[in-house]
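Just so you know, the sequences run in chain order A, B, C and D. Residue numbers 371 to 734, in the numbering used here, belong to the letters of the first sequence in order. Residue numbers 371 to 734, in the numbering used here, belong to the letters of the second sequence in order. Residue numbers 371 to 734, in the numbering used here, belong to the letters of the third sequence in order. Residue numbers 371 to 734, in the numbering used here, belong to the letters of the fourth sequence in order.
Source of the hints: derived by calculation from the structure; they are not laboratory data. It cannot be assumed that every hint is accurate.
Claimed, not checked - Pairs of lysine-lysine, DSBU-like flavour, derived with a Cα cap of 35 Å: (1) Lys664/C / Lys719/D; (2) Lys630/C / Lys596/D; (3) Lys373/D / Lys664/C; (4) Lys667/B / Lys719/A.
It should be emphasised that the depicted structure is a prediction, and the values quoted were computed from it without experimental measurement.
4 protein chains.
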Amino acid sequence: MRKQLMKGNEAIIKSAILAGCRAFYGYPITPATEVAEAAARYMPLAGGVFLQAESEVASINMIYGASSAGVRVMTSSSGPGISLMQEGISYMAGAELPCVIADIVRGGPGLGNIGAEQGDYHQVVKGGGHGNYRTLVLAPYSVQEMADLTALAFELADRYRNPVVLMADGFIGQMMEPVAFAQTAIQHEPPAWAVLGTEETRGNLINSLFLNFDEMEAHLNHLEAKYHRAEELETRAEEWQTEDAEIVLVGYGIVARILKAVAAEARADGLKVGVLRPITLYPFPKPHFQRLAKSAKVFVVVELSNGQMLEDARLALNGARPVEFLSRMGGNVPSHQEVLKFVRALARKMPSAARPEERQAVHV
Amino acid sequence: MRKQLMKGNEAIIKSAILAGCRAFYGYPITPATEVAEAAARYMPLAGGVFLQAESEVASINMIYGASSAGVRVMTSSSGPGISLMQEGISYMAGAELPCVIADIVRGGPGLGNIGAEQGDYHQVVKGGGHGNYRTLVLAPYSVQEMADLTALAFELADRYRNPVVLMADGFIGQMMEPVAFAQTAIQHEPPAWAVLGTEETRGNLINSLFLNFDEMEAHLNHLEAKYHRAEELETRAEEWQTEDAEIVLVGYGIVARILKAVAAEARADGLKVGVLRPITLYPFPKPHFQRLAKSAKVFVVVELSNGQMLEDARLALNGARPVEFLSRMGGNVPSHQEVLKFVRALARKMPSAARPEERQAVHV
Amino acid sequence: MRKQLMKGNEAIIKSAILAGCRAFYGYPITPATEVAEAAARYMPLAGGVFLQAESEVASINMIYGASSAGVRVMTSSSGPGISLMQEGISYMAGAELPCVIADIVRGGPGLGNIGAEQGDYHQVVKGGGHGNYRTLVLAPYSVQEMADLTALAFELADRYRNPVVLMADGFIGQMMEPVAFAQTAIQHEPPAWAVLGTEETRGNLINSLFLNFDEMEAHLNHLEAKYHRAEELETRAEEWQTEDAEIVLVGYGIVARILKAVAAEARADGLKVGVLRPITLYPFPKPHFQRLAKSAKVFVVVELSNGQMLEDARLALNGARPVEFLSRMGGNVPSHQEVLKFVRALARKMPSAARPEERQAVHV
Amino acid sequence: MRKQLMKGNEAIIKSAILAGCRAFYGYPITPATEVAEAAARYMPLAGGVFLQAESEVASINMIYGASSAGVRVMTSSSGPGISLMQEGISYMAGAELPCVIADIVRGGPGLGNIGAEQGDYHQVVKGGGHGNYRTLVLAPYSVQEMADLTALAFELADRYRNPVVLMADGFIGQMMEPVAFAQTAIQHEPPAWAVLGTEETRGNLINSLFLNFDEMEAHLNHLEAKYHRAEELETRAEEWQTEDAEIVLVGYGIVARILKAVAAEARADGLKVGVLRPITLYPFPKPHFQRLAKSAKVFVVVELSNGQMLEDARLALNGARPVEFLSRMGGNVPSHQEVLKFVRALARKMPSAARPEERQAVHV
C-alpha cells in the first residue's frame, strides 16, 4: 500500500470519505480549520455535501438531521465550538444517532489560544451536555491514527448508534506524516431505522422525548447497557515496554510521543519505565491499568490539562497504586527533559527496585 | 424572623434580590420556568432588569456583559439550556466573571422529560464547557436552602470571580415550604475590576484571550490556585447520624430527604446507618468522606443518574472503603422502601458489626 | 411534448432542476412548504443539495455562498421569511450575485394568515432591503408559468447578476394543472467570476464593500445602468382584448384569471373591456400602459393588496388616464361578479363610448 | 430655554428619555453607533434599560415585547440592521404596537460604506417587510429636529399604534449644533391595551394572527383607515421661498440644507427658486406638491439615492408638472455649485418667466 504524505487534519477527511461519510457541516476554528477545508475540497468530489453553517449550534443540528436520514456525517471544531454543540450532542445520544466529531483541542477556557492542549477531556469524555449519556472518545497520536481512528469512529458510531469524538490537538492535526489508507471505500447504506421520506420508513421515529417516567428509565437503562457493552468490548490502549515496568507513564495524543522517548532514555539509565497510552478515552482502558497495577509500583499521568484524565486513572486503579501527576498547559508541552527529571526524582523517592542504584546497593 | 410559604423556584429569586442581584437574563424551560417568572415579577420592582432572551446562547452572553459591568446577575434553565450555555460559561470562567446559574435539572439526555433527575452532574460539576476550568456547584435540598444557597452562591461567585451553579431539581423547585430570609438586603457595589464606561475603569479589561503560551499557562495556574483554595475552604456537607455509622448513605438534593428517612428506619432495626449529604458538589466534600472512612465500613451512593457523583465518591475514598451504588432515573425516584431493602441486603452481606443479628450471634 | 399534471409549487422545482439549479436552502412556511418539499425530494436525485436551514437568515446567507461559488441556487418562502432575507438579498444585489427566490405570498402583515394575498408587492418590487438596488420580479399566473418563469428567472438572474423573485400566491402554488417542460436540461457551468477554490479563481472577489465614495458611486451607477437595461429589454406583459379596450383591467397572478372572465362577460354586454397582465413587476411594463393610454379611457387596477401595484400603474401613466382601484385582502379574492359590478358602475359614470347603451342612444 | 451643544445622535436619546422612553434594544453599526452609546449612558440614569442584543433580529423582537408591555421603547441602526428588522417591524405594524426606530442611513446596498446616503427610502417609506402595512417616517434635517422629531415620533407611534421611523443620515447624526429641549419630561403610563402581567390586563391580547379571511380583511381595512387618517392629518413639510417659485427644489434631510443655499443664490441671479422639504416621508406631503403645482413650472427632486422619493413626488403631482431629478450616491453629496448649475441649465431650457434673461429679452 502506497503511503501519502499529508497533514493529520486532511487525513481525517480522506479517511472519512473512504468510510462512506458524505456530509460535513461545520464552522471553522483554529486549529481545526484544515479539517473543514479538506472537507470543502474533497466532499463534493465524492458526491457529498460540505456546508459551513451559521454557527456550531446550527452545524450539530444539521448533523442530527443528516444522521436521522441514515447518512454518515461528521463535523470538526475546537473547544468553543464543541461547547456550542453540547445540546445537539446530548440530543443525538438520546435519540441514538451516530456521528463523528473531531475536536482538535486548543487552549482554554474561553477564547484561550491556539496552542495544543487537552483541556476538553472532561467535556468530551464525561459528557458536557445534559443528562445521562456518554460519547465514545478516540485519541489519535499520529497522522496514521488520524486516518485509522476516523475509520474506527464511523464503525463504532454505527455499531453503538452514538456520537463518537475524535479528540486530537493542533500538533497531530497539522503535522505531516506518511499515511496508508488500509480500508477499501465503503458504500454506506442507510440503516433500517433511518427516516428516508419513503413509504417503508414512514414508521421510523427519531426522538429523545420520553414523557412517561418508566419509559424514560427503560430507555436510559438501554443506553447504559450499550455503554457497559462498549466498556467491555471497545477499550483500546497501547503499551510500550510495560512488561517489567515499575514506573508506568500514562499519556495520550501528542504526550505519548514524548513519554516513549522519556521511557527509552530512562531505561538506558536502568530505570524500569513503560508507557501506557489510552487510545479510547471513553471507554477508559481500565483493564490495562488493573493488570499493570500488579507489577508496577507507581503510575505517572502526564496531561496537557489540569488533572482530568488523572481522575480516570485514579478511578481505574482505585487506590491500588499511587498516581503521580505532571501537567503543562496553555499551549506549553512538557519537554522530554522535564518529564525525565520528574521520573528520576520519583525513582529516587521510591523504596524499591525501581531505583537501579539502590537495587545495586542492596545487592552489594 | 417571620417565615413565608413559597416555592423553591420563587425562593431563589427573592434571595437573589436580597443578595443584590439586579439582572436576570434567561429563556423559559420546564421545570425552571417559575424562576424566570418570579424574576419577571420581582426584578423590575427592585429596579432591576428581567429579559427573556432569544435563546440560552444569547442569555449567557448577556450575563457575561452584565457581569463585566459589575452587576450581580443570574439565570436559570434546565439541562438543554445549560448545554447551550457551555461556551459562555467557559468564557466567564476564563475571564473570571462571577454569576449564578440555577440548573433545575430535568430528565435527559436530549428532550427527555420534566421528571426530577440528577443527570447534569458531570455537566455542571466537571465542566461541560471547554478548557481547564471549574464551576462551583451547590445542591440545595429544601426550599429554605434554595434561598440560603442562592445567597451563598452570589458570595462565592464574587469571592472566586467564577460562575457558581445552583443544581436543584423539579421537586425542590416546585415544592412549597416556609422560608426565612436571614440576610439583610445587600446594596451591591461594582467591584474595582468592572468596566463601567467611566474614565477610572477605562483600563479594565475583561477577556479570556492569552495568545502567549506562558501567559496562558500562568493564567491557568492562577485559576487552579483559586480552585484549590476553594477545595480547602469551601466544601460543605451535612452529616446525619454518622458518628457511629457503619453504612453511610450518600446523596444530595431530594435524594437526601429519602436517605434520612431510610437511616432512621434502619436504625430502628438496629443497623448503624448514617447519611452524608454533599452540599457543595464542587468542591466535593472529600474531607467528610475521608474522615468517615475511618469508622464506616461501606458507603452507598444513591443518585438520580447513571453513576456520576459515584465517581467523585470513589475518588474521595480512593479504595479505602467499598462504594455501593443505587440509582433510579427518568423521573423515577427510589422509594424509601427500595433503599431500605438495598441497605438491609447490603448489611446481610457484611461480615461485621453492621449486621446487628450477627453481632448478637457473636456475643453469644 | 407530454404534459404532466402537477402543483405549481412542484413545477417550480422541476423547472429549476432542468435549469441547472443544484442547491436549495430554505425554511418551510405555508403556503411555500411544497416548494421545499419538492426540493428535498428531487434535488438529491439530480446530484444537488437540499438543506433546511436554521432560519431564513441562515438560508439566504447560504445562498450567497453557493451563488458566489457559481452554483445555480434558489430558495422559497412566504412573507415573514422573505422579510428575514432582506439583508441577504441586499448583499447579493450589492455583490451582483444571481439567485432565484420564490415568494409564495400569504396574508400579512405579521403572522397574518395563509390566504392568497399580494401584500409583499412593495417588499419585493421596490426592494425591502437597504440601499440602492432592485430585484427583478416575475409574476406567474398558471402552473405552466410557474415552470416557464422559473426557467426565465434563472436566465435573468445570470444575465443581470442579480436576485430574481418569483412572486406567486397559494392559489397558483397549490393548484394542479398540466405542465409541459419545454426546456432541455441545462448543465450549468460556473461563470468566470465565481470563487471556486482553484488557482485560477483566486483573484475573484465577491463583495459589496466600497469604502471609497467615488468607487461606491461608480458601482451604484453600474448597478443603475443594469437596471435601466432591464427596464428597456425585459418588461413582459400579456394583453387580452386590449386593441379596442376603453376600460383596461390591470392585474397579475391569480387576479388576472378573474379579470379575463370579467372582460369576456363585459364584452358580452357590449363593454369594451380588456386585460393588461404584468408578467414582470420589475421592470414594470410601462410601455404597455403608455401605448394603451392612447386608446383606453380608464385603467382599473385590481390587487390583493392595499394599493401597491396601483402606484406603479399611476407612475406608468403619469396622469395620462385615470386609474381606478379595486382591492380585496386578507385571503379574500374579489369574485368575478364583484369586479363586473365595479366595471359596470364605472362604465355608467363614463361620458363616452365605453357605455354601449349611451352610444346606442347617441346613434338614435 | 438654554441650548446645549451636542451631536444629532445624542439629541435623539436625550429627547427620547424626555419623551418617557425607558428601553433601548439594539446592535451597534456605523453611523448609528452613537445613538446606542448615548442610550447606554443615559437610559440607566433614567431608570431605563439599555441592552445590546445578539443581533438586530433579536433587538426588534425585544422591542415587540417591551412595546406589548406598554413601555415606550426604541432602537437605532443603519441599513443592514434595518433590513434584519423587517420581519419584526411587519409584526409590530400587524399587532399595532408603537415603537421608534432611528435609521441613520449609510451607503448601500450590502456592506456599502459609511457615507451619507438616502438609499433606504423605499425600505422604510414603502415598507420593506411583508404584507399590507406602513410605517410613519420622519426626516430631520438638523440636530434640533433630531430632538423635536424624536419627541413627535413617540407621540405619533402611540397615537397610531404603529412603528415610526426617524430617517436621518451620518451628517445629521454626527454634526454638533445647539439644541433646546422644549418638552417637559413625560411620565409615560402603559396604555389600556398593554399586557402587564396583572389581573386586569389578562384579557389583553397582542397578536397579528387572523386565520379567518374576513377578520383579517377587517383588520387590514382598520389599518388602512388609520393610514388614511395619518395621510390627512400628519403630513409635514417646510416651504422656503415657494410663494412665487417657478422652480421648486425638493429634498429632505441634509440635502435640504444645500437646496436652501442653492435657492438663495439662484434668487440672487433673478431665478424664482424655492425649496420644498418633506418632513414626513410617509405620509408624503402631497398637498404641498399639489398646491405648489398651481404656480410652479417644474419640480427638481434632489436625492442621495437612485430615484426613490422621486416616485412619490411624481405620484403627488400625477403629471401636473414635470419632475426633474438630480442624484448623488455612495457617500457623495451634490455640491451647492453642482445643483446650482443644474438649476441654471434647467432654467435656460424653460420657455418662460423662470429664466430672467429671457424675460428681459421679452421686455425689450
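Against the structure, the hints come out as follows:
1. Lys664/C / Lys719/D: Judged against 35 Å, a Cα distance of about 27 Å means the pair holds.
2. Lys630/C / Lys596/D: Within the cut-off at roughly 33 Å; holds.
3. Lys373/D / Lys664/C: Distance of about 59 Å is beyond 35 Å: violated.
4. Lys667/B / Lys719/A: holds, 32 Å
When each numbered hint is compared with the structure, a violation occurs for hint 3 only.
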